[in-house]
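Trainee: Chain residues, written in single-letter form:
Number of protein chains: 2
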Amino acid sequence: MSQTKYVLGEDAIPTHWVNLLPDLPGDPLPPLNPGTGQPAGPDDLTPIFPMGLILQEVSPDPEIPIPDPVRDAYRLWRPTPLYRARRLEAALDTPARIFYKYEGVSPAGSHKPNTAVPQAYENAQAGIKKLSTETGAGQWGSSLAFACSLFGLECEVFMVGSSYDQKPYRRSMMQTWGATVHRSPSDLTDSGRSQAAHPTGSLGIAISEAVEVAAKDPNCNYALGSVLNHVLLHQTVIGQEAIAQLEMADAFPDVIVGCVGGGSNFGGLTFPFIRGTLRGENKIRYVAAEPAACPTLTRGVYAYDFGDTVGLTPLMPMYTLGHGFVPPPVHAGGLRYHGDAPMVCGLVKAGLVEARAYKQNETFEAAVQFARTEGIIPAPEPAHAIRAVLEEAEAAKQAGEERTILFGLCGHGNFDLAAYDAYLAGTLEDPEFSEEDMRAALDALPSAPALA
Amino acid sequence: MSQTKYVLGEDAIPTHWVNLLPDLPGDPLPPLNPGTGQPAGPDDLTPIFPMGLILQEVSPDPEIPIPDPVRDAYRLWRPTPLYRARRLEAALDTPARIFYKYEGVSPAGSHKPNTAVPQAYENAQAGIKKLSTETGAGQWGSSLAFACSLFGLECEVFMVGSSYDQKPYRRSMMQTWGATVHRSPSDLTDSGRSQAAHPTGSLGIAISEAVEVAAKDPNCNYALGSVLNHVLLHQTVIGQEAIAQLEMADAFPDVIVGCVGGGSNFGGLTFPFIRGTLRGENKIRYVAAEPAACPTLTRGVYAYDFGDTVGLTPLMPMYTLGHGFVPPPVHAGGLRYHGDAPMVCGLVKAGLVEARAYKQNETFEAAVQFARTEGIIPAPEPAHAIRAVLEEAEAAKQAGEERTILFGLCGHGNFDLAAYDAYLAGTLEDPEFSEEDMRAALDALPSAPALA
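So the sequence lines, in the order shown, correspond to chains Z and G.
If you're matching positions, the first sequence starts at 1 in the working numbering and goes up one per residue.
If you're matching positions, the second sequence starts at 1 in the working numbering and goes up one per residue.
Each hint can be trusted.
For chains that are exact copies, the list does not tell them apart, and a pair is met inside one copy or across any two.
Using 20 Å as the maximum straight-line C-alpha spacing, the simulated SDA-like pairs for lysine to any residue come out as follows:
| hint | residue 1 | residue 2 |
| --- | --- | --- |
| 1 | K5 | T15 |
| 2 | K129 | R372 |
| 3 | K5 | A244 |
| 4 | K349 | L24 |
These aren't lab readings, by the way, just hints derived from the structure by calculation.
Build the full structure now, drawing on both the sequences and the hints.
Mentor: See below:
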């Protein structure tokens, strides 16, 4: 039997991150200062980000070297395995060859440490003593807590209220790594106090609180787990390793599938391949899977909008459901964001990436089939990708073609078993985005230049 | 910098298990039929075990081939990584080189699938349709549920009542893999009904229930997650891989440390090394770490005793705290067993393995230090091994010697964060085994031949 799992030695950890910016067609749309409406420059960002990350955010270089201390920390879990899903293929009776890149082997159980580590490193290098951040289900907050513990930084996390109440174990995980965790909205910030009427909180509110803390304390910076260029940049270790592992398997993808919340998992897996597509070296199709309850790419407006609820961040060009939109509490907490990374949005806008939205129950149905064949219980976020993979595998079967499918299994579901419980008991809901939500989203857009 | 992580390709998955039985000095003490007091033969075991496993249990062959379908399933997570704990070494300022073999990358998060898979396979080969078992914290039950899903077997799990109430996520995990889970003691069995006065349950009671179900249903067999020879045999893939990985690191252990509950993690890691020790090829020291609340090896009596509470199993020669002993509810659920594997007990009795008992808080203190340096949050069971490793590292420092320490990190703590929460809040208890417990243990021993 051929291999099931393609493993690489530590020397195969990438030495550079792939920066897709210079390959994108046209000039990138800049973020805007919300006060002046003018392009935001480094000065708009220095109160909350170190210069090392700001330079990565706007770099014109196609490759950016990974600092040695970051590569050394990556050794704790990288390279991650690439699997051939032989048992799933057999269960589906499909001619498709299905591969998945598994990021759940990291200490925090997802792809998030890939960027948490370089962010903590650059801040420590800049003499910063503390990082503040937000977290929803806890994947990002626990990853940053882990990264801060490696570089001797304090870590303060504002955790979305509903998740804080429902997921005490993720909070304990952050505390075990030494972080301080607050329930958001808190009474520790102006932003939190202004949102006391929304006691369950939202990612947008928690971002406002964390940004405010960082802006007021010169020893503290802010760290974001997705959306920004430098975050997607750091995640490109995923796609680079996948290219090397697919070569071991003598395979090349016809289609690549990833789930999209803020876009860092999707960008990290696809950008090293998309660079080849943009340069005419391959003709891969790309599928972005998102929740029907928060259908940013499939139903959002392409416009400038805030990254947070209160309106403290620069305006970013992206598909958005409106910065005031509070998505229904689907279990894929990492996909509950009103916007998406500008770089991913631009690729969707350009027609290079196809977006699809799925309802909650159909994603869990796919996840359970995956767990019972491949063994790994997926997080609810990549369950959306698995749903799309089942469609692609069926399409290959209908066409009678041996297509190669690659998808990102960006985290395990060890902290999401209450959701599986609800699915198996038949009590899981299928919330959808409504016309009323749509009208509210449009009304809430800030005044800013229109986007074509 | 030298390597942090030593990874092997799939071709390095062992092709044989290491059977230590023929190397042990003297004739092995047989299990006894509890009714006749005579050595238990295959006929005593066929009602609940398939012949394939019974033959492994008593095999005189030093190596037993791993069937191809088992090796194929092992590919889902094996070989597991071996790490050099460089960050922990630096934090301890020790000249010792510390290595750990990490089994938490398996789908169920521990070493247990190493034996669950071959047990499910042998039963499926024998035409069995269902397996019954017990589980405490859920590591074993979830591993067997996973293995049954791979080979198309039904799986029925009796889960210790207190864990069933406290750890709903482990139950959900088993159900996600398709298993049926009952709270034990249940009213489904005579054994369960007879123990209704102990509503929190115990491993011994749950074993009685699962054995009873298997004994009454010809299509159902029983599966045990530790203690028996064939279970320890299956776990020797751990130690064999570790030998190959230490060779990559140009290292050989001076001391090997593992936690002991039933003995399968400890045996799996050490037996491939102990064979060399018994043959005069090395002089490794071996340290078995157990809880002070259930100090089987350090304070138990060496005697024949039942494996379960009700007295359905053969009598086994082992250190025991008495089959009626219900250990206090320490969080290391996998170490809460009144006995230990006869093979491990024999090695302790012979002076080849040194046993040490630790209190709960000192093990969590060690685990938090490990999490904040190495990144991985350990399960409470291997936290006992880490405590012993800290002692060994300090001893090396005092002696000024560059000793090499290997230990087994047999599982992650993702399902044990409530325990970390209690430790960090200062509310974790330190139960200890009392003189009264000791007297009760001695009184409860069944009449059987005395052991030297």
